[in-house]
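Each chain is listed here by its residues.
There are 4 protein chains.
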Amino acid sequence: MAGNTFGQLFTVTTFGESHGPALGCIIDGCPPGLALDEADIQTDLDRRRPGTSRHVTQRREADEVEILSGVFEGKTTGTPIALLIRNTDQRSKDYGNIARQFRPGHADYTYWHKYGTRDYRGGGRSSARETAARVAAGAIAKKWLQQTFGTEIVAYVTQVGEQEIAFESYEHIGRNPFFAANESQIAELENYMDSIRKSLDSVGAKLRVEARNVPVGLGEPVFDRLDADIAYALMSINAVKGVEIGAGFNSVTQRGSEHGDELTPTGFAGNHAGGILGGISTGQTITANFAIKPTSSIATPRRSIDIDGKPVEIATHGRHDPCVGLRAAPIAEAMLALVLIDHALRQRAQNADVAVNTPDIARR
Amino acid sequence: MAGNTFGQLFTVTTFGESHGPALGCIIDGCPPGLALDEADIQTDLDRRRPGTSRHVTQRREADEVEILSGVFEGKTTGTPIALLIRNTDQRSKDYGNIARQFRPGHADYTYWHKYGTRDYRGGGRSSARETAARVAAGAIAKKWLQQTFGTEIVAYVTQVGEQEIAFESYEHIGRNPFFAANESQIAELENYMDSIRKSLDSVGAKLRVEARNVPVGLGEPVFDRLDADIAYALMSINAVKGVEIGAGFNSVTQRGSEHGDELTPTGFAGNHAGGILGGISTGQTITANFAIKPTSSIATPRRSIDIDGKPVEIATHGRHDPCVGLRAAPIAEAMLALVLIDHALRQRAQNADVAVNTPDIARR
Amino acid sequence: MAGNTFGQLFTVTTFGESHGPALGCIIDGCPPGLALDEADIQTDLDRRRPGTSRHVTQRREADEVEILSGVFEGKTTGTPIALLIRNTDQRSKDYGNIARQFRPGHADYTYWHKYGTRDYRGGGRSSARETAARVAAGAIAKKWLQQTFGTEIVAYVTQVGEQEIAFESYEHIGRNPFFAANESQIAELENYMDSIRKSLDSVGAKLRVEARNVPVGLGEPVFDRLDADIAYALMSINAVKGVEIGAGFNSVTQRGSEHGDELTPTGFAGNHAGGILGGISTGQTITANFAIKPTSSIATPRRSIDIDGKPVEIATHGRHDPCVGLRAAPIAEAMLALVLIDHALRQRAQNADVAVNTPDIARR
Amino acid sequence: MAGNTFGQLFTVTTFGESHGPALGCIIDGCPPGLALDEADIQTDLDRRRPGTSRHVTQRREADEVEILSGVFEGKTTGTPIALLIRNTDQRSKDYGNIARQFRPGHADYTYWHKYGTRDYRGGGRSSARETAARVAAGAIAKKWLQQTFGTEIVAYVTQVGEQEIAFESYEHIGRNPFFAANESQIAELENYMDSIRKSLDSVGAKLRVEARNVPVGLGEPVFDRLDADIAYALMSINAVKGVEIGAGFNSVTQRGSEHGDELTPTGFAGNHAGGILGGISTGQTITANFAIKPTSSIATPRRSIDIDGKPVEIATHGRHDPCVGLRAAPIAEAMLALVLIDHALRQRAQNADVAVNTPDIARR
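Same order as they appear, the protein sequences are chains G, D, C and R.
Mapping of the first sequence onto numbering that gives the first Met the number 0: residues 0 to 363, in sequence order.
Mapping of the second sequence onto numbering that gives the first Met the number 0: residues 0 to 363, in sequence order.
Mapping of the third sequence onto numbering that gives the first Met the number 0: residues 0 to 363, in sequence order.
Mapping of the fourth sequence onto numbering that gives the first Met the number 0: residues 0 to 363, in sequence order.
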């Protein structure tokens with residue numbers, strides 16, 4: 000496969016460039032009978048949409064989704080679901096220099112050398128705009144997981160630059176422009192982000208994504224472990240540079256007597272494992288952290304070269320996120336959902352008979 | 000796929016349990032014409048082998064590999080290469096309790112619930128012994144990469160528990176039992192590991208894996224990015240809990256002006272990217288760090304339950320690594336090699352014509 | 000995969016129902032740099048289009064294709080190419096009975112039992128209308144093969160019902176409504192088809208598809224042989240019931256001394272093999288025949304049951320092809336092109352170095 | 000994938016050359032809990048084994064299978080099952096000329112050009128000996144299908160050269176060296192085969208393979224239709240040149256009113272469909288015919304060329320089947336079983352909930 004398909008049984012194949020006519024995806028393998036309409040998908044798309052606060056890009060996109068197939072009389076039919084999102088705010092402008100220069104920290108250089116050509120308008124395929132299709136597909140996965148297992152997936156920002164964000168409550172997440180599970184630090188974060196923007200620079204972020212009510216038994220060792228596929232899924236998001244499962248890098252200094260979660264008749268006594276042992280879900284909450292690098296498009300002038308290898312100076316002006324991590328929460332939720340539904344179907348394929356005899360799974 | 004195949008064009012399908020008759024793999028897609036014999040593979044197997052110092056498990060396995068197919072007159076033929084490693088030191092013993100109990104931090108619980116059964120002898124399929132097959136396959140990938148691009152892959156331990164290991168020189172790595180790029184701290188590390196072992200406990204580790212002389216252009220966005228596949232590959236190794244590419248979690252506090260590597264006519268001015276931009280290799284050294292949790296099998300008694308849900312106390316005696324991370328370096332090298340060869344073949348498939356026109360790749 | 004993706008390196012994922020808003024596909028893995036616009040695709044779509052003669056369905060569809068991504072400044076970029084074809088002639092009508100009844104010879108019964116639901120409008124996903132997406136994707140594959148190897152692919156009808164059609168010349172194929180390589184029998188065929196239509200019945204057909212100028216070396220034994228993949232590709236077309244490669248079923252009565260094509264310094268002395276030996280292309284013309292069953296939708300009343308298992312009588316009136324085989328030629332060409340491009344990329348991946356040293360391939 | 004893996008959820012990856020040390024396979028995705036030992040596999044291997052009558056090759060191979068993994072305490076564990084069959088009768092002999100010459104009708108020419116090298120000993124990977132691994136894997140699939148659905152798979156020879164073999168009874172199949180469902184023509188067939196062998200020539204064959212008690216709903220349109228995958232599976236067997244499903248090429252002259260099987264409250268009134276409609280199983284018996292070309296290795300001298308393009312004369316002496324089709328029945332059964340188990344698991348993955356509500360499937 001050429002790399003634009005995610006999953007093995009619930010597959011999502013995406014397409015679309017930042018400034019092309021449209022982007023979207025085909026979902027193949029969605030079980031039939033799931034109630035679905037555009038509104039189910041639009042909700043998550045609206046959470047990811049640009050232009051919703053002054054701290055993110057001011058590009059204006061309605062991101063309106065159209066279901067082209069696979070749904071009949073309000074329910075999925077088991078055939079491919081095609082989703083279409085038209086681009087509407089591709090500003091016509093002079094791309095002159097961008098077409099011939101490689102922006103530092105960007106995919107310009109590598110796309111050019113890989114393909115021998117590139118769509119330079121707005122980053123083309125390498126634009127974070129591509130994640131709209133992921134979020135749309137993920138919304139379907141989330142709905143199926145919720146209805147089948149009661150699975151709840153949530154992501155939130157735990158750090159922006161030097162600012163660590165204390166966890167206060169899940170219910171705050173949707174009420175601030177930072178996807179922060181926090182209420183008391185919001186003003187402080189607003190000021191921090193304003194200062195970053197004014198400095199013509201950008202900053203990184205750290206997020207956490209969790210899934211509750213995941214059945215035990217998901218994951219296919221030895222390679223397609225659940226944690227391996229989560230790492231793959233999160234690292235495939237633009238700008239992600241690190242992924243941790245459970246205790247993550249803190250495991251390095253832990254002792255075995257501390258890290259290994261004891262079991263009791265009422266359940267596990269801890270969750271350093273992040274809900275995964277031996278690459279298979281334990282039934283506990285799945286937890287992962289990931290790091291997002293600072294946006295590469297900044298107004299501060301930087302050294303680079305053009306396609307002839309000549310030195311140039313580049314400063315990117317325009318509608319860019321000073322912290323791209325602030326819009327990553329819905330994308331991470333979508334990716335985790337895509338991993339989980341795929342493994343749920345895989346588990347069902349191989350172990351259908353086991354499942355019905357297993358109390359943990361039967362509890363669904 | 001049921002999860003035991005790695006790669007898409009250079010595929011490795013592994014089999015084998017810790018205490019079964021044998022383990023091994025089939026490699027499909029190895030280009031023809033590569034000079035290959037058992038010795039090429041044995042070298043890396045010997046580096047991974049147990050029982051080589053007092054700091055690792057004392058199980059004695061020759062780990063002797065037999066090539067069953069795919070090689071004729073000393074060269075690969077393009078047909079599947081099957082590798083066989085017989086197990087020789089499966090001690091006969093009474094497994095009584097282990098068969099019915101779930102060891103904390105182990106895959107016992109999840110295998111039991113996933114499959115409704117498990118081979119409890121030495122951890123069965125979930126044993127780190129499984130990685131011998133990976134190392135064997137990786138040796139072939141390393142040889143092809145070396146001969147085709149001059150690619151050099153090396154992994155080393157950068158931290159054991161609280162002990163950070165300073166980088167001194169690559170040449171030290173093979174000369175101490177810790178895969179440390181260090182000479183001056185070895186005595187200290189010996190003492191540290193002795194103390195861990197005597198405390199009947201275990202400890203985590205952090206490693207770094209690097210690949211030099213990687214051609215530009217490897218990686219298939221948007222999902223099968225090179226970094227995403229490296230994260231998947233490293234996280235699929237037993238006990239790995241975190242993966243970083245380049246600056247990793249340090250990116251969170253970096254500014255865009257710091258993180259984004261500038262380009263100059265003579266090359267990149269830095270490598271925070273870890274050799275990957277937009278999911279595609281830049282031609283720079285690829286760098287990744289990963290965290291390994293402390294061994295779960297420890298002699299300290301711990302609480303758990305049996306398959307009936309009754310509480311039990313478990314202490315694991317026997318031949319276990321006090322720091323499983325100390326044997327992970329050859330495995331990480333193998334996994335990185337498997338990612339790189341697979342993407343090299345994928346790049347060749349899609350962009351054969353581009354490649355010959357691209358100076359960076361042509362330089363191979 | 001859930002079954003709607005064709006190929007491994009040049010993948011085509013299709014979507015769309017007969018009476019839904021649109022159908023189309025995503026092509027992933029098309030090499031960059033191929034000149035491409037809508038007109039390249041429209042030509043083949045027009046050849047497949049319904050309503051072009053009185054011998055095929057009178058449904059009127061413009062089948063106008065829109066390229067949504069993957070093409071920039073008139074050339075492919077190496078990123079996914081999405082193609083969209085809006086449905087325009089979905090007549091609103093009362094589907095009442097069709098929704099609850101299973102038409103003999105149709106997929107109604109099996110879709111209902113497989114998915115527990117079905118889009119009954121015009122056959123939904125099981126409609127031959129789905130093949131428009133294949134033809135669109137195939138047009139791109141054909142263009143690349145033509146430009147890369149000079150490959151020419153052509154399909155034609157060799158029999159309709161009892162009427163065997165003598166081969167006269169390739170140039171006749173595009174000049175009659177039967178895709179017949181024949182000029183002298185056309186009037187006879189017109190009369191035959193008129194009589195079939197008037198009898199309220201339908202009839203089967205036999206076609207032949209050929210590819211000239213195929214490089215030697217395509218095909219991946221032991222399973223993904225070129226002939227096996229051609230059989231899969233042709234049998235995946237609606238209504239196909241049989242596939243032959245080369246001598247096909249005539250091989251049964253042949254002697255080895257007759258069937259095995261001798262080699263001479265100037266080439267093969269025959270082509271009973273159909274251009275494939277050991278599952279790998281020989282460089283000769285690839286030849287395959289296939290059988291298409293008579294259209295199941297006929298106006299003659301037939302016995303069936305409804306979804307409650309009650310007996311019903313069904314006669315299908317409306318816009319149906321009396322011989323669905325008459326429109327199959329462009330579809331077969333597309334499928335053969337998709338097989339060949341996929342195997343060309345696979346060959347390039349694994350044997351790039353061999354290829355340049357091989358006279359037969361180098362002759363491209 | 001490089002072509003040596005069959006299936007998507009129940010995958011079989013095979014390896015091995017005719018005169019290498021061994022052949023075998025890894026099965027990944029076998030559901031856990033299936034009772035399995037070597038004897039289950041050996042039975043089918045013995046049916047395929049060479050040297051069992053004077054009408055087949057006189058090579059003597061025990062074809063003894065060893066299970067290396069994936070089975071514990073007599074049951075499958077859900078982890079990969081590796082099967083090993085050592086070659087024992089690779090006669091040492093002078094291969095001199097064969098190494099440099101291309102036998103007509105053989106894969107010598109194509110392997111040489113594809114890979115730039117080939118293992119010429121006994122045909123290497125292209126030898127029909129490779130099918131032993133398929134038969135071994137198929138035996139496991141057959142057992143699971145039999146226990147899960149009561150599925151019975153049987154193949155038999157319906158024609159040898161000009162000799163059509165009348166169907167008399169299934170029970171005769173195992174009682175003659177021709178896998179003929181016939182008792183009265185056996186003496187005639189013996190004489191016929193003797194005459195072929197004495198003429199230093201070979202002859203083709205036609206076989207039929209059937210599966211009874213297949214659940215409704217197997218098959219994944221639009222590409223991975225059950226019939227398309229059966230065509231792929233059968234055409235992937237050495238020497239197969241044609242495949243028919245149900246009425247096959249007879250469909251060409253049929254009318255729609257004849258071909259389309261009517262439905263009644265007690266079931267289908269016919270089976271021209273061969274148990275498959277719209278690419279999905281109907282629950283009826285699946286029927287397929289296939290053609291096998293005459294053996295290419297014959298003692299009659301034939302024209303060919305060597306690797307330098309020089310003309311040579313080749314006559315193959317030694318231990319060859321005068322009609323390779325006579326040993327194909329167990330192989331076809333294995334391939335059909337591998338298709339069915341894979342699609343059964345795929346159906347279970349996507350439609351687990353549908354299945355339990357579907358009378359036809361519930362009847363299993």
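These are calculated hints, taken from the structure and not from any lab test.
Be careful, since some hints might not be right.
As the list claims (entries may be wrong) - The list that follows gives simulated cross-link-like pairs (lysine-lysine, DSSO-like), each with its CA atoms no further than 27 angstroms apart: (1) Lys74/G <-> Lys309/C; (2) Lys74/R <-> Lys74/D; (3) Lys74/C <-> Lys309/G; (4) Lys309/D <-> Lys74/R; (5) Lys142/D <-> Lys74/D.
Right, here's what the structure says about each hint:
1. Lys74/G <-> Lys309/C: With a Cα-Cα distance of about 26 angstroms, the restraint between lysine 74/G and lysine 309/C holds, given a limit of 27 angstroms.
2. Lys74/R <-> Lys74/D: Not satisfied, since the Cα-Cα distance of roughly 39 angstroms exceeds 27 angstroms.
3. Lys74/C <-> Lys309/G: 26 angstroms, holds
4. Lys309/D <-> Lys74/R: Judged against 27 angstroms, a Cα distance of about 26 angstroms means the pair holds.
5. Lys142/D <-> Lys74/D: Satisfied, since the Cα-Cα distance of roughly 12 angstroms is no more than 27 angstroms.
Hint compliance for this structure: hint 2 is the single one not met.
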